[in-house]
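**Q** Sequence:
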Amino acid sequence: MLQSLDKSLNNLTMYRLVAYGLSGLALLSLLLSAVGTLSLPLGGMALSLALLLASCFGVNWLMARAWQISANAESWYITALILFFILPQASDLKRAGFVLLAGAIAMVSKYLIARHGKHIFNPAAFAAAVLSVSGLLGTTWWVGSSL
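Sequential numbering from 1 applies to the sequence shown in the numbering used here.
Source of the hints: derived by calculation from the structure; they are not laboratory data. Not one of these hints is a red herring.
Estimated spans, in silico, between C-beta atoms of each pair: (1) Arg115 with Val35: 37 to 47 Å; (2) Leu9 with Ala73: 11 to 21 Å; (3) Arg16 with Pro41: 27 to 37 Å; (4) Ala129 with Gly97: 16 to 26 Å; (5) Lys118 with Arg65: 15 to 25 Å.
C-beta atoms are modelled at their ideal positions from N, C-alpha and C, and glycine is treated no differently.
Model the full assembly from the supplied sequences, consistent with the hints where possible.
**A** See below:
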């Protein structure tokens, strides 16, 4: 029994573990919003998540093609989920555009601000910093607040 568990855990990468954990938190936050426990609107949360997943996946795919390299399958997904937790929800068209922009900035930074194939900054943190410092969109770790 322990050998089977050990083999299963050895096959689980850290990227995949983080992706599973963040996915669980995202689903829980959507559920809590749906039942009214979380005061954030479900529609804005769901739209933000969809926009971030699309933006991060699309731009990551384009950048990997442009650089002619294979992309980490979980990296774009983890970045999208982190951005989901730190950006305000897409409550209007302007914010939706900034949410899309955040995903694009994060993925571009992963390829352009790199050394020997390794990104220098966390892509999600870089995108959040760019949007915050520029005054376009503030960030907050809303999932950890008492909203």
